[in-house]
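Trainee: So you can see what is in the structure, the chains are spelled out below.
Protein chains: 4
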Amino acid sequence: MSERLTPLPEDKFAFGLWTIGHLGRDPFGDATRPPISPADFVRGLGRIGAWGVSFHDDDLVPPGATAAEAGKIKGDFRSALDETGVVVSMATTNLFWHPCFKDGAFTSNDPEVRRYAISKALRAIDTGAEFGAPTFVFWGGREGVESAASKYPLDALDRYREALNYLSAYVKDQGYQLRFAIEPKPNEPRGDTFLPTIGHAMAFIQTLDDPSMVGLNPEVAHETMAGLSFYQGVAQAIWQEKLFHIDLNDQKIGRYDQDLRFGSEGIKDDFFLVRLLELTGYSGPKHFDSRPYRNEYGDGIWEFAANSMKTYLALAAKARAFNSDPAVQQAAELAGVNALAEPTVGKFSTASAAALKAEKFDPEKLAARNYFNERLDQLVIDHIFGLNNK
Amino acid sequence: MSERLTPLPEDKFAFGLWTIGHLGRDPFGDATRPPISPADFVRGLGRIGAWGVSFHDDDLVPPGATAAEAGKIKGDFRSALDETGVVVSMATTNLFWHPCFKDGAFTSNDPEVRRYAISKALRAIDTGAEFGAPTFVFWGGREGVESAASKYPLDALDRYREALNYLSAYVKDQGYQLRFAIEPKPNEPRGDTFLPTIGHAMAFIQTLDDPSMVGLNPEVAHETMAGLSFYQGVAQAIWQEKLFHIDLNDQKIGRYDQDLRFGSEGIKDDFFLVRLLELTGYSGPKHFDSRPYRNEYGDGIWEFAANSMKTYLALAAKARAFNSDPAVQQAAELAGVNALAEPTVGKFSTASAAALKAEKFDPEKLAARNYFNERLDQLVIDHIFGLNNK
Amino acid sequence: MSERLTPLPEDKFAFGLWTIGHLGRDPFGDATRPPISPADFVRGLGRIGAWGVSFHDDDLVPPGATAAEAGKIKGDFRSALDETGVVVSMATTNLFWHPCFKDGAFTSNDPEVRRYAISKALRAIDTGAEFGAPTFVFWGGREGVESAASKYPLDALDRYREALNYLSAYVKDQGYQLRFAIEPKPNEPRGDTFLPTIGHAMAFIQTLDDPSMVGLNPEVAHETMAGLSFYQGVAQAIWQEKLFHIDLNDQKIGRYDQDLRFGSEGIKDDFFLVRLLELTGYSGPKHFDSRPYRNEYGDGIWEFAANSMKTYLALAAKARAFNSDPAVQQAAELAGVNALAEPTVGKFSTASAAALKAEKFDPEKLAARNYFNERLDQLVIDHIFGLNNK
Amino acid sequence: MSERLTPLPEDKFAFGLWTIGHLGRDPFGDATRPPISPADFVRGLGRIGAWGVSFHDDDLVPPGATAAEAGKIKGDFRSALDETGVVVSMATTNLFWHPCFKDGAFTSNDPEVRRYAISKALRAIDTGAEFGAPTFVFWGGREGVESAASKYPLDALDRYREALNYLSAYVKDQGYQLRFAIEPKPNEPRGDTFLPTIGHAMAFIQTLDDPSMVGLNPEVAHETMAGLSFYQGVAQAIWQEKLFHIDLNDQKIGRYDQDLRFGSEGIKDDFFLVRLLELTGYSGPKHFDSRPYRNEYGDGIWEFAANSMKTYLALAAKARAFNSDPAVQQAAELAGVNALAEPTVGKFSTASAAALKAEKFDPEKLAARNYFNERLDQLVIDHIFGLNNK
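Residue numbers (this note's numbering), protein chains in the order written: chain A, 43 to 432; chain B, 43 to 432; chain C, 43 to 432; chain D, 43 to 432.
In case anyone wonders, no lab produced these hints; they're calculated from the structure.
Do not take every clue at face value.
Said to hold, decoys possible - Non-contacting residues of chain D with respect to chain C, defined by C-beta distances greater than 10 Å in every case (computed):
#1 Thr48
#2 Arg85
#3 Asp124
#4 Phe173
#5 Ser366
#6 Lys389
Unchecked claim - Calculated cross-link-like contacts (lysine-lysine; reagent style DSS-like; alpha-carbon spacing at most 30 Å):
#7 C/Lys116 <-> D/Lys407
#8 B/Lys116 <-> A/Lys402
#9 C/Lys214 <-> D/Lys214
#10 A/Lys399 <-> B/Lys116
#11 D/Lys114 <-> C/Lys402
#12 C/Lys114 <-> D/Lys114
#13 D/Lys214 <-> C/Lys389
#14 C/Lys114 <-> C/Lys54
#15 B/Lys54 <-> B/Lys114
#16 D/Lys389 <-> D/Lys407
#17 D/Lys402 <-> C/Lys407
#18 D/Lys399 <-> C/Lys116
#19 B/Lys214 <-> B/Lys54
#20 A/Lys54 <-> A/Lys116
#21 A/Lys389 <-> B/Lys214
#22 A/Lys116 <-> B/Lys399
#23 C/Lys114 <-> C/Lys214
#24 A/Lys114 <-> B/Lys407
#25 C/Lys399 <-> D/Lys116
#26 A/Lys214 <-> B/Lys399
#27 D/Lys389 <-> D/Lys402
#28 C/Lys402 <-> D/Lys116
#29 A/Lys399 <-> A/Lys389
#30 B/Lys116 <-> A/Lys407
#31 A/Lys214 <-> A/Lys116
#32 B/Lys114 <-> A/Lys399
#33 A/Lys389 <-> A/Lys407
#34 A/Lys389 <-> A/Lys402
#35 C/Lys214 <-> D/Lys399
Please read these numbers as outputs of a predicted model, since none were measured by experiment.
Quick reminder that beta carbons are idealized off the backbone N, C-alpha and C, glycines included.
Okay, chain A solo, but in the shape it has when bound:
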C-alpha cells in the first residue's frame, strides 16, 4: 500500500486532555502514570502531528484554582496552541467526578445540585468559546439511576430538556459560534443512563426548543457496550444530519467501558465506519477518546496516540482500495447494492396503490436468487488483510 499513513492537519485528528493523559486509575487500582500539564499535552500533540485538542473545564483548570492560577494555566495553554498550531476542537464540562453529582447533574433530585450543574456548564461554555471550540459536548454520565424507584423518568427528561434549552439560549444570547453534541451511553457509571443510545438521544433532540443547535457525539465504545452496531447508528445520525462530532476508540460487547485504541478490537466494524465517514464527506473532528492500557508508561502513551491515527489512515486507504476494486464492484452489483438506491414505488397515488395490490408476484422466483453477500464480505476481509491490494 503506497498510501499515506502519517497524519496531516486536514485529517482533523484530535485528542482530549483526559485521553492520552489518563492516569490509569480504575475501580480496582490506583493511578499508574503521572499527570501531564495541558500545555505539555498540546506540545505532545504537535509532535505526533495531531490537529486538535479538547478538554473538560476541570481538565484545563482544576477546580479550586485561584484566578491567578487559572490565568497562568490558560496562558500557557494558549502559548502551546500558538506554538504548535493545534486548535481547540471541542470543549465540555465535567458533571460527573465530584461527589455532589452522585445523584445526577441536570437530573439530580436535589434542585440545588441541578442549579450548580447548569451554572458550571455556563462557565464551561464561556471557556470553550474563549478558546474557539466549535462544539460543546454533553456526556450525561451521572444522569441515570441504579434503582428505578429513585427518579420518575418523565420528570428526569423534563429536567434534562430544561437544562439544554437554557444552555442553548445562553449560547445564542452570547453570540457564541458553538453547537451542542450529546454523547449517549447506556450504563456505567450509573446502572441505567437516560438517553442510552444514538437513537434515544436523536429522538430527544426533536423535543428541544431549537433542535438544529443540538446534534450527537457518538462513541464507538458506548454503542458497542450494548452490542448495537455503531456503524448503523452513525449512519442513521448522518442520515438525520446529526453527526456533529465523533469519539473513536474500541470496545468488546457487553463489558465495562474499555476505551481501547481505535482499530484494536472491532476491526471489521472500524473498517466500515471509516469508509462511511470518508464516503459521506464527514468534515468534523476525528476525536480519539481512548486511553493507553493501564500498564503503559512513559513515552509509550504518545506511541499509542500516533498509532491511533495511523490505523485510521490505513483503514481509509483500505476503504478506497475496496471501493475501487473491480471484483468488489462486480460482487456489489450481484448483491444489488446500488439497486437499493432506486425508489421502490415513488409517491403514493390511489391508482398506483390499486395497481400494486392487484399485481401478481411470484415469491418462489423472487426467492431463487443469490445475493453474493458471502463473496462481498470475503472481499472485505481480503482488503483488511491486504490480500487484494497489490
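Fit chains B, C and D to the supplied structure of chain A, relying on the hints for placement.
Mentor: Frame of chain A; chains B, C and D shown alone:
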C-alpha cells in the same frame, strides 16, 4: 393481597395468534405442538378472559389459500369473535417468513421484492381494517444485514421511509381508522437490524411525512436483548407520546429472542413497567407476545396464557400498594423523588444566567447528603415479596 | 409469612471490610463516603446481627504502616471481635490495587513482581491464620491481559499453578487450618482474566499438587456478567464438592461489575440459589460482597447491609414454603423432577448395550407429553410474590 | 504475501454435512436452499480441496429410512469418500431435533427418553466407527432448562455422567478407536445449558470413570456468545491436554448462535487462535461449523466454504510473519513475554518461604516500568493489515 387477579375486558389483555399458538419450532428442533385454528384460538381466549386478539395476515389466512378458503376462515374467525366478544386489537403483516424476504422486505436489494412487500402490506392493512384493528404493527425482522457491505445504510433508511410514507398515505386515502406502530429489535434473525431500539425508531419517525400517524410497539424482549432498560425506553416513548402499543414478555439480556412468559424473568423491571403503565394511564392493549416453553403441550398453553394476565394484575396490585405505602412515601421524600418535578432554572434570561454564573455553591455540602435509594429500593423488593403488604 | 427475618449467628452472614465500607469511588468519580476503621466496622456488624467479617491484608493494616501502628490496629480489631462475638470468616490478599501489579501478580511478566506477590500472599496468610480465618480467597483481578500478544497463556497458567502450589505447601508446612478458595471473574479490571468462570477454575484446580485443599469462592456478579447461570454453576461446584465459600451480591448481565445488594436484581435466580444452598446444607459463610449505591451516605450503609440479610432470610422462607406446597409437589411430579434422580441404564454390560440398541422406541409417543414446566415456573413466581403463602 | 492460500490435506480442514449444506431455516423463516445428498456433499468438498467430512447420524441416514435405503445412502457416501480421498473426521448424534428430546436427552426428566437417547447414541457410535471417525462429539443442545425449577441440577449432572460412562464403556468393549469430545454451549436452544463453557466441561470430565477418553470440542461461537475469550479457553484446554477437536466459525458477543464464516467477525481473536493452534502443533481436524448467510444460494455456498479455508491459511501466514518479525520480537522482549516462562519461586521449602517473606521489595520501583503492550498490540494490527509484511 385482596386484589383482583382475574382479568376483565377493561384490562385490555390481548394475545397474537402466533404466541400461545406457537408450534415450538426452533433453530435446532422441529415443531412440538399442533396448530390451532384462528377461530379455536379466539374461543380459547374467551375462556381465559382475554379481551383482544392480534394476527399477521398469514396467521389468519395461509398464503396460497383460495378466495373460498379465505372467506371460510375469516367467517369462522368473525363468528368466534362475535361469540366471545373478543376484539381484534392489532394486525400486522408477515414480511419475514417466506424465503423471498431473505434479503429484506422494504429494504431488500431486489426492487421487485420491495414492491411485493409493499403490495402484501397494502392487502394486510385492508384485512386489519376489515376486522377493525386500530393499530397496524411493522416489525422489520428482515430489514438488516449480516455483512455491512451488502447495503448502504442511508439507502436502506430512504427505502424504509418511502415504504412507510406510501402505506400511511394509503391508510388516509382509504379513510381507515388505523395508526402504525414500529416494533424495534436490535438483531435476530438478521445480524444487525435497522431501527434497532425504541430510540432509533422514534428518531426515524420524525423524518416521516406524517409523524403523528406512526408510533411504537416496543417489546420487553427486544430492548432487553441489548441490555437496555425497557422501562426507561417505554418512559421516553410515553414522554414523546409515541407509545401506541406494547408487547409484554420476558427475556434474559444478551441472548437469542426468548419470548418468555411476562413476569417470569425480569421481575423487578416488570414491576416498574406495570407501575409506569398504570401511573401514566396507558390505555392501549396490553399485548402478550410470548410463547410457552417448547416442552409445553396440550392445555398447558392456556394455563400459560392465563398466568401471564394474572402476573400483570398481581404486579399492578403491588404497584398500587407500593405507591400508597407511607414508608415508601417517606423514603421517596428523602430521596427527593418529587423534587425532580420542580423546574430548575425556568426560562432563560440574560439576567438569570448572569446571576446563576455568579452564584456561589458549596459542592462539598451538596455532596454530604444521603439519597436513601437503598431504602427505597429495598421497599420495592419487600413489596414484590409481599412483605409490606398486610 | 410468619418466618424469621432477623439474622442469627447460625445463618453465618458475613461482610468484608471493603463492602459496606466501600468509599464510593468509581472510574468516573471520587469517593463519596468517609472510611470506617476495622474496629468500628466490626461493631457495626455486631449491631446489625452479622456473624462474620472478612478482610484483605491491606484493608486491615494499610500498606506502609509501622509495626506499632499495625499492632494497634490489630489490637483494636481483636477487641471489637471479642466484644461483639463477630468471627473472622475469611481473609484474602490485595494483589490488584498497587500499580506494581498493573501487569499481573502471580502472572506478571516481571519475575520480581511475581516474587513480591507471593511474598505478600505469604504474609497475608499469616494474618489470616492469626485471626483464625478458615478460608483464604484468591481473586486474581490482575491475572489477565488486554492484548493477547502480551502473555503466552500456557506460561501464565504454569505460573498461576506454581504460585498456588507454593502457597498450599506453606499452609501445610505451618500447620494452618486454612483452605484456599479461588474466585473466578471473566473480565474487569483486565480485558480478559485467566480462570474466567467457576468451570475454568474447577478444571484448573485438578492440576494442582493438592486439589483437595483448593475450592471455589464463586460470586453472583462475576458469573452473571458473562450471562452464565450462577445457580447452575454453584450447583456444579457443590456436585464436585468445591463450594468452599460464596459471595452474594447482584448484577445485570453484560455490564461492569455492579456488586449490587443481594436480591435486588436477579430475584428469581436468587430464589433458586438460596433454595439450593438451603437444600444441600451448605454450611460455609454467606458472604455479602456488595456495596451501597454510590449516592448512599451515613447510616444508610448499615441499613443496606441489614437488608441484604433480611432478603436472604425472606428467600429462604419462600424456598421452604415452595418445597412444602402441595401444588408445587404435584407440578414437580408432572414435570418428572424426581424421575431425574433415577438411574437411566445403570452400569454398562455388553448384554445391556446390545439389548438397548435393539430396543424399539416410539419417539412420537415420547414427544406427546406435557412437562408442566410453565405451571411449575408460575408457582415460583407466585411464591416470590407471596401469593401462595397464606 | 507469497504464502500458500490453497488448502492441502495436511491442513486437515473438515466440514460437517449440516454446515455448508444448512438449509437456511431460522426461527423466523423457512428454508432458503435445497438439500444436498451426503455423496454430493463429499464430492463438493473434494472439489474445494477439503480433507475431512463429519456428520450427525441423521444427516447421513434420515430417521425412518429402511435398511435398504440406509444401505444405499451409505454405499454412495462411501463411494464418494473413496473417489475423492475425503476422510470421515468426526461423527456425532442428533439428540436435539426430534420433539421427543424437548425436555433433554441424557438429562430428560422422562427415563424412557433418556434410554432412547443412549440407544440412539450407541447406534450412532457404530456408524461413526464404521466410517473410521476417530472422534465422536457430544453437543448436549437440549441438556438444560428454561425454568430452574424443572430439574435439580445435581441429578442432571449424575445422569449426564451416567450416560457418558456407559457410552465410554461401550466404545472400549467394542474395541473402537474412538475418543469422545464434549462441545459446550451456554444457552440456545435451552435457556441455560448444563456444561455451559470449556471450563465447566473440563471440570466435569474429571469426574468420569475414564477422563482420558473424553476431551473437548470447543466452538468459537459458543464461548463468544457468553463474551468469554475463546483463545484463552482453548489455551487452557491445550494446557490440560483436552483439545481433541475444534469448531471454527465466528460470532458477535451476546447474541443468538450465528455460526458465521470463520474469520469474518472476530478477526483479532481469530489471529491469536490460529497462531496458538499452529504454535502448539495441534494436529486434530480444523473443523468449520459455520453456515452461509441465509440469503446465499447456489454455488455461493462452496465459495463460502473455500473462503473459510483461505482465511485460516492467510491468518496462519500472518502468524508466522508476526512471530519472525524482529520488531515483534523486540517488543515482546520489552513486554517480558518470555520472562513469564521462567519459574517464579520454584519448589517450596520452609527456608525459601521464610526468606521470601523477609525479603524487601520496592513496589514503587516495580510500578515504574513500561510493558510496551500498546506497541506489541499495534504490531498485531499492522500484521493483520499486511503493513509489516513486505
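Trainee: Can the restraint linking C/Lys116 and D/Lys407 be considered satisfied, given a maximum Cα separation of 30 Å?
Mentor: 29 Å, holds
Trainee: Hey, B/Lys116 versus A/Lys402, does the alpha-carbon distance stay inside 30 Å?
Mentor: At roughly 22 Å apart (the allowed maximum being 30 Å), A/Lys402 and B/Lys116 satisfy the hint.
Trainee: Do the alpha carbons of D/Lys399 and C/Lys116 lie within 30 Å of each other, as the hint requires?
Mentor: 20 Å, holds
Trainee: Does the alpha-carbon distance linking A/Lys114 and B/Lys407 stay inside the 30 Å limit?
Mentor: Between A/Lys114 and B/Lys407 the Cα gap is close to 29 Å, so the pair holds against 30 Å.
Trainee: Holds or violated: are the alpha carbons of A/Lys399 and B/Lys116 at most 30 Å from each other?
Mentor: Holds, because 20 Å separates the two Cα atoms, which is no more than 30 Å.
Trainee: For the pair supplied as a hint, A/Lys116 and B/Lys399, confirm whether the alpha-carbon distance does not exceed 30 Å.
Mentor: 19 Å, holds
Trainee: Check whether the Cα positions of C/Lys114 and C/Lys54 lie no farther apart than 30 Å.
Mentor: 28 Å, holds
Trainee: Within 30 Å, alpha carbon to alpha carbon, are A/Lys389 and A/Lys402?
Mentor: Holds, at roughly 21 Å.
Trainee: Is the hinted pair A/Lys389 and B/Lys214 satisfied, with a Cα-Cα distance of at most 30 Å?
Mentor: The given pair, whose Cα atoms are some 14 Å apart, holds under the 30 Å limit.
Trainee: Below or equal to 30 Å on CA atoms is what counts here, so check D/Lys214 against C/Lys389.
Mentor: 14 Å, holds
Trainee: Starting from D/Lys389, check that the Cα of D/Lys407 is at most 30 Å away, please.
Mentor: Holds, at roughly 27 Å.
Trainee: Within a Cα-Cα threshold of 30 Å, do D/Lys402 and C/Lys407 meet the stated pairing?
Mentor: Measuring from Cα to Cα gives roughly 73 Å; hence the hint is violated.
Comparing the model with each earlier hint shows violations of hints 6, 9, 12 and 17; every other hint is respected.
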